[in-house]
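Asker: Below, each chain spelled out in residue letters.
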Amino acid sequence: MTWQSALEFARGPLFYGALLFFIAGMLYRLVTVVALGWSKDRVPDKGSKAGGVVRSFLKGILIWPFIPWVKNTFSRNPLIYIGGGLFHLGLFVTILLGTPHMLVWKSLLGFGWPTLPLPVVDWLAVGGIIGMLILLVHRRINPVLRLISGPAEYLAWLVVFVPMVTGYMMTHHLFFRYEVLYTFHMFSVDFLLIWIPLSRISHFMFYFFSRAIHGQQFGKRGVRV
Amino acid sequence: MSKETIEEHLKKQGLTRRDFLKLSGMLAVAAGFKFDVPEATAGGAVARRARGYSADRRVLKAMETRPRVPVIWLEFSDCAGCTEAISRSNSPTLGNLVLNTLTIEYHETLSAAAGFQAEQAKQDAMAKYAGQYILVVEGAIPVAEGGIHCTIGGRTALDILKEAAAGAAAIIATGNCAAYGGLPRAKPNPTDAKGVWELVTDKPVVNIPGCPAIPEATTGTIAHFVLFGALPELDALGRPKPFYGVTVHDRCLRRPFYEAGKFAGSYDDEGARKGWCLYKLGCKGPTTYNACASIKWDSGLSFPIQSGHPCLGCSEPNFWDGGGFYQGQSAPLERPEVTAVAAAAAVGAAAGVGTALINRSNKKAHGGEK
Ligand code: HEM
Ligand code: HEM
Ligand code: SF4
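Residue numbers (my numbering), protein chains in the order written: chain L, 1 to 225; chain Y, 1001 to 1370.
Take the hints with a grain of salt, since some may be wrong.
Simulated coverage check for chain Y against chain L, where a stretch passes if three residues somewhere in it have a Cβ under 8 Å from a Cβ of chain L [said to hold, decoys possible]: (1) 1255-1263; (2) 1327-1335.
Listed next, the in silico DMTMM-like pairs over lysine to aspartate or glutamate satisfying Cα-Cα at most 20 Å (straight line) [claimed, not checked]: (3) Lys1187/Y <-> Asp1269/Y; (4) Lys106/L <-> Asp1269/Y; (5) Lys1241/Y <-> Glu179/L; (6) Lys1187/Y <-> Glu1198/Y.
Computed Cβ-Cβ distance ranges for the label pairs, DEER-style [claimed, not checked]: (7) Glu1233/Y <-> Tyr154/L: 25 to 31 Å; (8) Phe204/L <-> Asp1269/Y: 30 to 36 Å; (9) Thr2/L <-> Gly1131/Y: 26 to 32 Å.
Worth flagging that the hints you see were computed from the coordinates, not collected in a lab. Quick reminder that beta carbons are idealized off the backbone N, C-alpha and C, glycines included.
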């Protein structure tokens, strides 16, 4: 068993299986949540539900996160705001705009897109890793968070952290040979794919639901958010 | 061992002392001495091995005192490309000198004799130099159905290999086929082709993979053994570190473009014309350990990436099955078919509906929402 054959396994059959599991798992989660159903709405609307949803999305994703002082998270908890922001930004940029990752999408979807220069992606990846460390430290020092954090929370953190770090080490050929790091990167990514539907990392799908539902409620009641 | 020293043998072949000094200089480089290659720098400098080292004293001394070591070269499931690569280089080259003048005792393709004569010549050489010769193998060894897929003179490759390996002092597997099975081993590998080191386990086997192997890597390794009676240091895949110590990507002249995120998107776009990185066109340089980017080919003239073609990764095991040659290095090896994705989605959705129905009936049973 050589590193090459381990890498072949992680890039080949294991990735294949993990991806199908991910798709099946996410659909399962989606269907069970959608099937919970909406409760009947017997109260007349004061405002537009649709408008509320649009506003909620625009502000929640495109505007708020970038204007710290209007964001409650920031005034109440700057560490989560900064750590979470750095992490998610680094994550999205690397997996969408890093060349190796775009090529993964391209091979799966059949089309690609322009990517950012390596140094840019690289620094954002560093930011992402630092962001994750901030979130972890915060989780350990904040008394409330610490109390409500169990193994599942730390595991979810780790499952995302390992691909980030192995990817970064790979780019810089740190400590191990390239194919060794690539093998670690792929095994950790495969595990992440399997773990997402089983854990709260699936929030990236449900986030849109909660945004939509809150927005709908705000819109309906004419609340200006 | 044959009593003749290397120098005496060369004199008999008509080499002058001057030729001899020149040869030992070349050998010093070939054997991996001072094989220090400048790093490709971000300024765009071309990574290139400095040439023309002066003769190494140790090499000279070894040539004057060490006995000549014969080489027996066998071919199995191969295309003779490695032999071609060595013999077609401009003469007089290192390859010529090391192989023709210095060492070769028997070579399947280059031998003047044919048929039974050639077989006899090989048997004679093996008997005469038993325990001393270097066995060079080119080509994979198919073992399916008792090895009948490659036979020479009525005997299977496996049989011939075992016999020749028994009397060898060291074995060198040149080319990806002999090292790791190469093309004959590509899926579905109908002949169950194998590399030498999977079949001969009681002798040191040096792998010089490549498709073909870089001639200098093969001759250099032979030279190293001839001069010092020992093999160069090997990596985990049995490759000599002087030639396979770093990746093609690490010494690539296009590396600064990789760092800058400048990629050729096709073979004739602006990026291709400007010599940008070939990663998006499927370059396997980052995971390929070989000396192409430093030694290069045709006496240092060029190598595939320099001429605009991505690296295929030909010095790595199973490179034929390592994803498409023109597909990005990071792309998964298999892309799930639409039907597989649809099936997975259907299974997930069906399970979701099932769970939801159970939830509903539980809710009703507990007098939930009306
Ligand atoms: C549209 C996409 C996403 C949205 C809107 C989103 C939003 C959030 C929010 C609001 C939090 C909690 C606060 C914070 O730590 O910033 C969070 C935490 C987290 N997210 Fe996401 N996320 C998204 C995608 C992802 C993806 C794709 C991953 C991983 C593959 C991920 C991994 C995590 C992790 C590990 C945490 C918890 C960090 C901790 O330990 O505190 N997120 N996300
Ligand atoms: C099939 C999935 C994936 C493949 C094939 C893949 C492959 C790669 C490759 C080839 C590199 C670049 C190495 C180089 O520049 O030489 C890389 C870097 C990286 N990967 Fe992945 N990756 C995958 C998924 C992921 C995921 C899901 C994450 C995050 C959770 C991730 C995080 C990173 C990071 C942070 C880097 C370093 C980027 C930089 O420093 O510029 N990768 N990956
Ligand atoms: S990816 Fe290929 S072309 Fe680009 S720098 Fe690496 S080895 Fe050179």
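Asker: Each hint: holds or not?
Answerer: So, going through the hints one by one against the coordinates:
1. Coverage of the region 1255-1263 of chain Y by chain L holds in this model, with 6 residues showing a Cβ closer than 8 Å to a Cβ of that chain against a need of three.
2. Counting residues of the region 1327-1335 of chain Y whose C-beta lies closer than 8 Å to any C-beta of chain L gives 9; at least three are required, and the coverage claim holds.
3. A threshold of 20 Å between alpha carbons decides the hint, and for lysine 1187/Y with aspartate 1269/Y the separation of about 33 Å lies outside it, so the pair is violated.
4. Proximity of lysine 106/L to aspartate 1269/Y is assessed by CA-CA distance (about 19 Å); at most 20 Å being required, the pair is judged to hold.
5. Pair hint lysine 1241/Y plus glutamate 179/L holds up; C-alpha atoms about 16 Å apart against a cutoff of 20 Å.
6. This hinted pair checks out: lysine 1187/Y and glutamate 1198/Y have alpha carbons roughly 18 Å apart, not beyond 20 Å.
7. One distance hint, 25 to 31 Å for the beta-carbon pair glutamate 1233/Y and tyrosine 154/L, is violated here, with the actual separation near 43 Å.
8. Distance hint check for phenylalanine 204/L and aspartate 1269/Y: the Cβ-Cβ separation is about 35 Å, which falls inside the suggested range of 30 to 36 Å.
9. Threonine 2/L and glycine 1131/Y have their C-beta atoms about 31 Å apart, which keeps the hinted 26 to 32 Å range intact.
The structure fails hints 3 and 7 (numbered hints given earlier, in ascending order).
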